[in-house]
Structure formats: C-alpha cells, structure tokens
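Visitor: Listed here are the chains, written in short residue letters.
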Amino acid sequence: MSDEHRPGEEASDVSDSAASDGGTPPGRFSRLKLLKAGAVGIAGASAGGILAGPATAKTKPAPPPALLFLTKWEFDYVTAMAETIWPTDDLGPGAKVAGVGHYIDRQLAGGWGQGHRFYLNGPFLTPADSGHGWQIPMAPADVYRAFLPGFDTYVRRTYAKPYPELDATTQTAAMNDLRTGAASIPLGGSTAFSSADFFSLFRQNVLEGMLADPSYGGNQDMVGWKWVGFPGDPMRRGDVYYEYVFSSKPYPYEHKPLPMKPARGGS
Amino acid sequence: MALKKVDVVIVGVGWVGGIIASELTRAGLHVVGLERGRLRGRGTADFQDDHDELRYAIRNELFQNTANETWTLRHNLGEAALPIRQLGSFLPGTGLGGAGVHWNGQTWRFHPRDFTAYTSTVDRYGKSAIPAGMQIQDWGVTYDELEPYYDKFEYMAGIAGKAGNIKGQIIQGGNVFEGPRSREYPVRAQQTTELGALFQKAAQQLGYHPFPGPSANLPVQYKNPDGITRGQCTYCGFCERFGCEVGAKADPTTTVIPVALKTGRFEIRGYSNAYAIKNDGKHGQSVLYFDAAGKIQEQPADIIVMAAYVFNNVRTLLMSKLGQPYDPATGQGVVGRNYCYQTGGGGASGWFTGRRFKRYMGSGALQTAIDDFNADNFDHSGLGFIGGGSITSGSTGARPIQSLTTPPGTAPFGRDWKVAIQKYYASVISVGFQGESPAYQTHALDLDPNYRDQYGNPLVRITFDWEANERKMIAFAGTKTLEIMKAINPDIISGGPGSLPAHYDTSTYQSTHNTGGAPMGADPGTSVVNSYLQMWDVPNVFVVGACNFPQNAGFNPTGTVGALAYRAAEGILKFHKSGAGLV
Numbered sequence: 001m002s003d004e005h006r007p008g009e010e011a012s013d014v015s016d017s018a019a020s021d022g023g024t025p026p027g028r029f030s031r032l033k034l035l036k037a038g039a040v041g042i043a044g045a046s047a048g049g050i051l052a053g054p055a056t057a058k059t060k061p062a063p064p065p066a067l068l069f070l071t072k073w074e075f076d077y078v079t080a081m082a083e084t085i086w087p088t089d090d091l092g093p094g095a096k097v098a099g100v101g102h103y104i105d106r107q108l109a110g111g112w113g114q115g116h117r118f119y120l121n122g123p124f125l126t127p128a129d130s131g132h133g134w135q136i137p138m139a140p141a142d143v144y145r146a147f148l149p150g151f152d153t154y155v156r157r158t159y160a161k162p163y164p165e166l167d168a169t170t171q172t173a174a175m176n177d178l179r180t181g182a183a184s185i186p187l188g189g190s191t192a193f194s195s196a197d198f199f200s201l202f203r204q205n206v207l208e209g210m211l212a213d214p215s216y217g218g219n220q221d222m223v224g225w226k227w228v229g230f231p232g233d234p235m236r237r238g239d240v241y242y243e244y245v246f247s248s249k250p251y252p253y254e255h256k257p258l259p260m261k262p263a264r265g266g267s
Numbered sequence: 001m002a003l004k005k006v007d008v009v010i011v012g013v014g015w016v017g018g019i020i021a022s023e024l025t026r027a028g029l030h031v032v033g034l035e036r037g038r039l040r041g042r043g044t045a046d047f048q049d050d051h052d053e054l055r056y057a058i059r060n061e062l063f064q065n066t067a068n069e070t071w072t073l074r075h076n077l078g079e080a081a082l083p084i085r086q087l088g089s090f091l092p093g094t095g096l097g098g099a100g101v102h103w104n105g106q107t108w109r110f111h112p113r114d115f116t117a118y119t120s121t122v123d124r125y126g127k128s129a130i131p132a133g134m135q136i137q138d139w140g141v142t143y144d145e146l147e148p149y150y151d152k153f154e155y156m157a158g159i160a161g162k163a164g165n166i167k168g169q170i171i172q173g174g175n176v177f178e179g180p181r182s183r184e185y186p187v188r189a190q191q192t193t194e195l196g197a198l199f200q201k202a203a204q205q206l207g208y209h210p211f212p213g214p215s216a217n218l219p220v221q222y223k224n225p226d227g228i229t230r231g232q233c234t235y236c237g238f239c240e241r242f243g244c245e246v247g248a249k250a251d252p253t254t255t256v257i258p259v260a261l262k263t264g265r266f267e268i269r270g271y272s273n274a275y276a277i278k279n280d281g282k283h284g285q286s287v288l289y290f291d292a293a294g295k296i297q298e299q300p301a302d303i304i305v306m307a308a309y310v311f312n313n314v315r316t317l318l319m320s321k322l323g324q325p326y327d328p329a330t331g332q333g334v335v336g337r338n339y340c341y342q343t344g345g346g347g348a349s350g351w352f353t354g355r356r357f358k359r360y361m362g363s364g365a366l367q368t369a370i371d372d373f374n375a376d377n378f379d380h381s382g383l384g385f386i387g388g389g390s391i392t393s394g395s396t397g398a399r400p401i402q403s404l405t406t407p408p409g410t411a412p413f414g415r416d417w418k419v420a421i422q423k424y425y426a427s428v429i430s431v432g433f434q435g436e437s438p439a440y441q442t443h444a445l446d447l448d449p450n451y452r453d454q455y456g457n458p459l460v461r462i463t464f465d466w467e468a469n470e471r472k473m474i475a476f477a478g479t480k481t482l483e484i485m486k487a488i489n490p491d492i493i494s495g496g497p498g499s500l501p502a503h504y505d506t507s508t509y510q511s512t513h514n515t516g517g518a519p520m521g522a523d524p525g526t527s528v529v530n531s532y533l534q535m536w537d538v539p540n541v542f543v544v545g546a547c548n549f550p551q552n553a554g555f556n557p558t559g560t561v562g563a564l565a566y567r568a569a570e571g572i573l574k575f576h577k578s579g580a581g582l583v
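Chains as they are written, first to last, in the numbering used here: chain A, 1 to 267; chain B, 1 to 583.
To be clear, the hints were calculated from the coordinates, so they are not data collected in a lab. Since the structure is predicted, the reported quantities are computational estimates derived from the model, not experimental observations. Be aware that one or more of the hints could be misleading.
[What the hints assert, rightly or not] Cross-link-like lysine-lysine pairs, in silico, DSS-like; alpha carbons within 25 Å at most:
hint, chain 1, residue 1, chain 2, residue 2
1, B, K321, B, K278
2, A, K96, A, K72
3, B, K5, B, K295
4, A, K256, B, K423
5, B, K262, B, K278
6, B, K423, A, K226
7, B, K577, B, K282
8, B, K423, A, K249
9, A, K249, A, K226
10, B, K472, B, K486
11, A, K96, A, K226
12, B, K278, B, K486
13, B, K4, B, K278
14, B, K423, A, K96
15, A, K249, B, K201
Starting from the given sequences, assemble the full structure and let the hints guide the process.
Guide: Structure (structure tokens):
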C-alpha cells in the first residue's frame with residue numbers, strides 16, 4: 001500500500017497534488033509556486049501566512065471555475081444561503097471560501113443532480129402517512145431550479161430584499177422559516193415536498209461541499225476538514241494509523257489533512 | 001434458444017453464491033454464476049483510491065441503482081404502496097461480491113434460542129407472551145446442527161474474536177451468552193480503542209459481560225484452510241459502504257470466488273439479470289435472464305441456486321410461480337412470508353469537553369459489545385415484550401460528512417453550530433442497540449401491482465411497520481444504554497427510553513439486514529425450504545440467504561448467512577449424488 005508515502009514526506013505529496021490540479025484556487029496555486037521555489041518545507045505550513053508574504057504579489061489568482069448548471073443568479077443565491085449554514089467569520093472560513101457554491105453547481109450538473117439514481121416513474125401518489133421519503137417527479141437539479149424563485153418571492157415579501165442582500169441575522173431568520181416549514185413555497189406547501197424538505201436537502205449539500213474531498217470543487221484548501229480535525233485520506237501518509245488507533249497518543253496530522261492522491265497515468 | 005446445459009447455475013455471486021460455487025466446483029461440478037452487476041471495479045486493486053466518502057458513502061457507488069430497480073413500501077395492507085425513489089433505509093449491493101464487498105465485517109452466530117424462538121418463548125413464558133398477529137417460527141434447524149457450518153465460515157473468512165463458550169465451558173472475556181463452539185475463533189480478538197475501553201469499563205462496573213466484537217477485519221495476517229492469505233487491517237476507517245483495498249476485510253472476491261475460479265469449473269457472467277426460473281411445478285429447468293444487451297437468455301441446469309439478495313430471491317420465485325405465494329390477509333402460503341428487518345434505536349450519546357478521540361480511525365467491526373440484553377438472555381417477565389438486541393460501542397470509522405455531532409439544544413446551522421461541530425466531532429461516544437425484528441402475519445413481500453423495473457417486470461412490494469412489541473423493546477433498550485452512558489460519565493449525556501418513529505421510514509439509513517420471504521423450517525405449510533435450503537415443492541431448486549430467516553435476531557446476519565450457504569452446498573452435493581428427492 002502506498003509505500004512511497006511515509007510520514008515526513010508530505011511535501012512531495014502536495015507537489016503531486018497541486019501539479020495535476022488545473023484550476024486550483026489562489027491559495028493552493030500560490031503554495032505550489034512556493035513549493036517549487038523551495039520556499040516551504042512542509043504542507044502543513046499555513047497558507048495564510050505564506051500569502052501574506054511578498055512572494056505572492058506576483059501570482060495571478062486563478063479565475064473561478066465556470067458554472068455548469070446554475071445560473072449566476074442561482075449561484076449567488078446558493079452561495080449566500082450556504083454561508084448562513086456554515087458562515088465565514090472571525091473563527092474561520094466558511095462555505096463561500098470553501099467553494100460550496102461550485103460544489104453544488106457540479107453536483108447538480110452531474111449524475112446525482114440529474115437524477116441518474118432516482119426512480120422517477122409514476123404514478124406519483126400523495127403519501128398516506130410519514131416515512132416515504134422523496135415522492136415527486138423531479139431530480140434534485142429540477143428541485144433547486146423550481147424552488148429558488150419561490151423562496152426568493154417569499155424572502156422579498158417577508159423581509160423586503162433578496163436573500164443575498166439581507167444582513168446575516170435576517171438571513172438566519174429566513175433560513176429558519178425554511179427549516180420549520182413556516183415558509184410556504186409553491187413547490188412545497190404540500191406534504192410531498194415542503195420547505196423543510198428543501199432545507200434538509202440543501203443543508204446536506206452544504207455539508208458535502210465542506211467535507212467531501214476537494215476534487216469535487218468544495219472544501220478548498222481542505223478548510224472543512226481542518227475545522228473539524230479530520231486528517232483526510234488516511235493512506236496518503238502510509239499505514240501510520242496502526243501506531244495510534246489503540247493508544248491515547250494524539251495523531252499529529254488532524255489539522256494537516258491530505259486529499260486523495262491524484263490519478264497517475266500508466267507508463 | 002437455450003444455452004448449453006450445466007450442472008449448476010447460481011443466481012447472484014456474493015457471499016452465498018461464492019461459497020456455494022467454491023464448494024461445488026471443488027467437488028467437480030461445473031457451475032455458471034449469473035451476476036446482475038459488474039465484475040470489474042470490485043476488487044482490492046480497484047479500491048486503492050477509494051477513501052472518498054462522497055462517491056461511495058453518499059452517492060452509493062457500490063449499491064443497487066434504484067433508477068433501474070427499486071422496491072415499494074406500504075405500512076399496512078390497506079395503504080397504497082409507494083416506490084422507494086432513492087436509497088435510504090437499506091443499501092443492497094450489486095456487482096461481484098454483492099454486499100459482501102461493502103459490509104462492516106461484524107460477524108455473529110445467532111443464539112441457540114434464536115433457532116427455536118417460538119418454542120423457547122412458549123416454554124418459558126407461555127403462549128400468551130406472543131402478541132396477537134406475531135408470527136415467529138422455529139427454524140427447522142438447531143444451533144448445534146448449524147455449528148459446524150458456522151465454524152467453517154469463520155475459518156474461511158478469518159474471523160477475529162474471543163470465544164465465550166467452547167464445548168459448554170464458559171470463558172470470561174468472551175461472549176458468555178453464546179452457544180457452544182467446537183473451538184476457539186481462528187484469529188485472536190481485536191484490541192480495544194479508547195472508546196471501546198470506556199464502554200468496557202462502564203459495562204463491567206454495572207455487572208455486565210463485555211467482550212471484543214467479532215470481526216471479519218483481520219488484526220493479523222491469516223491463511224485460511226482454502227490456502228488464501230490475507231493481510232492485516234490498516235484501521236483506515238473506511239469500511240461500511242467501501243471496499244477494502246488491502247484485503248483485510250473478508251469479502252467473497254478475496255476468498256471464495258478465487259477458490260472457485262481456480263478450479264476452472266466456474267464461469268461468472270456479469271450484467272446478467274435473472275428474473276425467472278422456467279419450471280413445470282416439480283422441476284426447475286433453466287434460469288431466464290437479461291444479458292448486457294437486454295436480450296433474454298436461457299441457462300439450463302440440473303440444479304438451480306437462488307443466491308441473490310433477499311428481495312430478488314423472493315421476486316424470482318414469485319415471477320416463476322414456484323411455491324405457494326403468501327397471502328398476508330389470511331396467513332396462508334409461504335413465498336413472501338415473514339419479511340423482517342432489524343430494530344435499531346434506543347441508543348445513548350455522550351460528549352466530553354476538551355477530550356478528543358481519534359474517531360476517524362478504526363474498522364467496521366472494531367467495537368466492544370455486551371449481549372446481556374439480547375434474545376432471551378434476560379428475564380422478560382413483566383416487561384411486555386419478547387426479544388432483545390446487542391449493545392455496542394467502538395470505533396467503526398467517523399467519516400466527516402456522516403459523523404458530525406452536536407449535543408441536544410445546539411442550533412442546526414450557523415455560528416454556534418459551527419463552533420459545536422468543531423468542539424464535538426472527535427469528542428463523542430455513542431452506545432448503540434441493534435434489536436430483533438419478529439415476524440408478523442401482515443408483514444410480507446409480494447409483487448407490486450403498479451410499479452415496474454427497467455425491464456418492465458414488477459417491483460417487490462414490502463409491507464412493514466413497527467409494532468408495539470418493538471416499541472416497548474426500544475424503550476427498554478434506551479434505559480440500558482443510558483445506564484451505561486451514565487457510568488461512562490461524559491460531560492453531556494443524551495439518552496433515555498428509546499422510541500421508534502410513527503412509521504418505518506424508508507428515507508433514512510437504518511440497516512441493510514432485510515430478512516425473510518423464503519423462510520426455512522420443518523413444516524412445508526409455513527416454510528419455503530427445508531433445513532438444507534431446498535424447496536419443498538421443487539427439489540432441484542435451492543434458495544439461500546437471509547431470506548431463509550423466519551425472523552431476525554439481534555445480531556448482524558452475515559455469519560448466519562455464511563453458515564446456511566455452507567449447509568446448502570452440502571445439501572446440493574448430496575442431492576447431486578442421489579439425483580432426486582429431498583435431502
């Protein structure tokens with residue numbers, strides 16, 4: 001197993017990762033440049049600290065990825081809503097920094113969002129009781145597209161401004177309207193799909209965008225993993241869990257996660 | 001036109017199909033295995049880069065695609081069944097190795113009492129202890145009869161554990177409630193993590209009998225009697241819903257399937273979706289299946305083995321008009337009878353302030369257990385329910401998307417929540433309960449009248465809900481897990497009398513331990529197969545798996561499924577030799 005990855009070899013890991021990574025966000029791009037220049041010894045060095053240095057002044061930030069499914073309006077809405085779930089604040093980065101909007105965009109454009117694993121054959125009956133889950137003829141991408149304008153109408157009517165323009169406290173109130181089902185949205189309102197159902201779906205997608213491997217477009221610079229203390233792909237440092245799993249010894253890499261290994265072509 | 005006839009055709013190449021194929025091919029029989037899913041992408045080499053929680057655990061890479069085929073669910077006979085439109089409550093595997101690739105590796109033997117659940121309950125508590133409508137049955141096989149097959153499965157798979165009963169001698173430190181074993185486990189028990197040790201100490205303090213959970217994830221290298229050597233677990237924490245990239249987790253693709261293939265007498269066909277057995281009511285002639293191009297193929301064989309997951313074994317019998325279909329309104333008939341599940345709930349959680357555990361390390365079966373409140377290991381007099389379950393705690397791998405945790409009263413999003421998930425992700429301990437699921441007359445499987453799969457065939461309709469007995473059992477379980485949690489003494493505790501939702505919920509994950517529908521037994525009036533899993537009406541058809549359980553016990557099912565598969569293989573060989581009749 002991954003014998004080439006032993007403790008203390010993190011730097012080469014990061015070089016691998018960044019080298020194969022096309023449209024990386026500014027932080028990682030800069031760090032790659034620095035690593036190549038030999039300015040940084042280990043992956044765990046704080047990106048923030050490096051960015052503060054003069055070396056980055058010359059580095060052009062990579063442009064944000066293109067949108068694959070969401071419209072710009074939908075993207076701004078989703079990004080603002082995701083920030084309410086996992087805010088960026090003085091304690092640490094949140095959904096926007098992590099790229100959750102782009103994560104959700106890609107998920108909705110892909111197989112899951114397009115319903116490739118959903119059984120969407122009729123008839124569509126109104127459930128007689130609880131416990132039947134998803135019972136509408138829509139894939140998740142359809143739900144986002146249909147739901148957001150309804151939510152926008154609700155938010156403007158109730159709070160006078162579109163969601164992205166509200167202050168954080170009012171955004172929290174509007175999000176709670178979704179969660180409790182108090183907001184009656186056209187797609188919702190019935191027992192088949194309520195605003196509370198949308199809240200559950202959306203919150204789950206935000207958690208994924210914060211905590212899935214960065215290759216999916218969210219969790220940039222692994223900010224979600226660093227926040228909770230998840231070390232990422234366990235095999236990137238080799239089989240080192242043996243030494244820790246049965247002891248009370250702390251694992252030193254909880255806040256220095258590594259993503260999955262980039263693919264290597266056969267040679 | 002039919003394909004060339006073979007000795008045996010097996011439908012489904014998971015644990016059951018793999019075990020039976022390995023036994024029959026080594027005895028000289030020619031076997032064809034029909035696997036509905038893929039053959040590639042299911043082996044250790046394919047899982048080198050599988051530490052991807054989103055792909056495998058959230059987007060369900062290794063499981064049945066419900067867009068193509070799903071199930072419908074109604075809570076009672078008067079309700080219209082609705083399709084399960086995305087995976088939720090349970091996650092059946094598909095592809096080579098089946099669910100045996102993505103399981104956790106928790107490998108139990110059922111108790112002697114479980115095999116005589118009806119008789120033992122009546123003997124101890126009287127007939128009145130069994131609630132109206134409950135339909136528990138004896139298995140038609142005893143624990144002692146099944147013991148050699150359990151042993152064979154455990155030595156093949158390399159199960160790590162500590163015996164609590166060898167030939168009647170009780171051994172402290174093992175499960176003192178288990179039935180007698182003929183010998184010790186093949187592999188030494190796993191060590192205990194910090195979390196397991198907290199549970200162990202608390203349980204001991206309360207006078208219970210903790211022991212290391214039996215595991216199919218090897219703590220040391222092991223060579224099995226078939227000559228297969230597998231390496232030790234890395235404790236990466238990616239077991240359940242993932243394949244094992246080092247082969248430490250026993251899996252059909254790393255054990256029995258290679259053994260069968262090595263004989264040169266086992267042919268596996270992927271993307272081959274069986275749907276019916278052609279028959280004349282007394283003899284099965286061939287298996288009909290859709291090939292990768294959607295064309296119908298016919299594979300004739302002397303012996304036909306149904307080794308698919310619970311639902312497709314039952315569906316194939318119903319579509320083939322084999323055996324008398326069960327009617328839940330009258331309790332008559334057998335095929336679809338006694339569908340059961342697993343009753344979860346009644347767990348307790350505890351949060352420590354300022355103490356972190358390495359919850360992301362572990363393996364799917366790395367846990368400490370007590371069996372004091374399972375089966376009939378405790379006196380049920382005056383409790384108002386029968387049955388019980390296993391109580392466990394440990395380190396089975398805390399992938400972050402699924403494992404964030406906050407104490408009760410925390411806001412579900414926003415700054416306070418963000419602070420709480422950071423504080424508690426690594427600081428929680430949970431004590432879980434996995435309970436029995438008894439059979440009821442009105443719980444059943446049949447063919448749905450409205451909804452169809454991708455080929456136009458009817459979906460399986462499940463009729464199931466939680467009943468009063470299980471609600472009382474879960475309430476009781478919650479008091480026990482809370483008692484243990486209090487002894488563990490974390491800073492914040494959540495627990496107490498457990499409860500089940502208003503109705504069985506298909507949308508949230510509970511357990512992939514669906515059972516029944518083709519129960520085994522001694523009476524053809526209440527069972528589909530005999531104790532060798534051979535159909536009473538059609539002796540050259542064997543139906544094998546958790547579908548044979550007359551009701552489900554308070555343990556994970558795979559150990560018992562493996563034992564039944566070895567017993568079936570023996571029965572098939574006997575039948576092949578004699579050429580006719582019941583074994």
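Visitor: Compare the structure with each hint and give your call.
Guide: These are the hints, each one checked on the structure:
As the CA atoms of K321 of chain B and K278 of chain B are separated by approximately 9 Å, the hinted pair is consistent with the 25 Å bound. For the hint pairing K96 of chain A with K72 of chain A, the CA-to-CA distance comes to about 15 Å; that is within 25 Å, so the pair holds. Restraint check for K5 of chain B and K295 of chain B: satisfied, since their Cα atoms lie roughly 19 Å apart, inside the 25 Å limit. Straight-line distance between C-alpha atoms of K256 of chain A and K423 of chain B comes to about 17 Å, which keeps the hinted pair within the 25 Å bound.
Taking the CA atoms of K262 of chain B and K278 of chain B, the gap is about 30 Å. The hint is violated against a cut of 25 Å. A distance of roughly 12 Å separates the Cα atoms of K423 of chain B and K226 of chain A; the hinted pair therefore holds under the 25 Å criterion. For the proposed pair K577 of chain B and K282 of chain B, the alpha carbon gap of about 19 Å is at most 25 Å, so the pair holds. A distance of roughly 19 Å separates the Cα atoms of K423 of chain B and K249 of chain A; the hinted pair therefore holds under the 25 Å criterion.
Straight-line distance between C-alpha atoms of K249 of chain A and K226 of chain A comes to about 19 Å, which keeps the hinted pair within the 25 Å bound. A C-alpha spacing of about 22 Å is found between K472 of chain B and K486 of chain B, which places the hinted pair at or below 25 Å, so the restraint holds. Taking the CA atoms of K96 of chain A and K226 of chain A, the gap is about 16 Å. The hint holds against a cut of 25 Å. For the hint pairing K278 of chain B with K486 of chain B, the CA-to-CA distance comes to about 59 Å; that exceeds 25 Å, so the pair is violated.
At roughly 15 Å between alpha-carbon atoms, K4 of chain B and K278 of chain B fall within 25 Å of each other, so this suggested pair holds. Proximity of K423 of chain B to K96 of chain A is assessed by CA-CA distance (about 22 Å); at most 25 Å being required, the pair is judged to hold. A hinted pair counts as satisfied when its Cα atoms are at most 25 Å apart, and K249 of chain A with K201 of chain B qualifies at roughly 20 Å.
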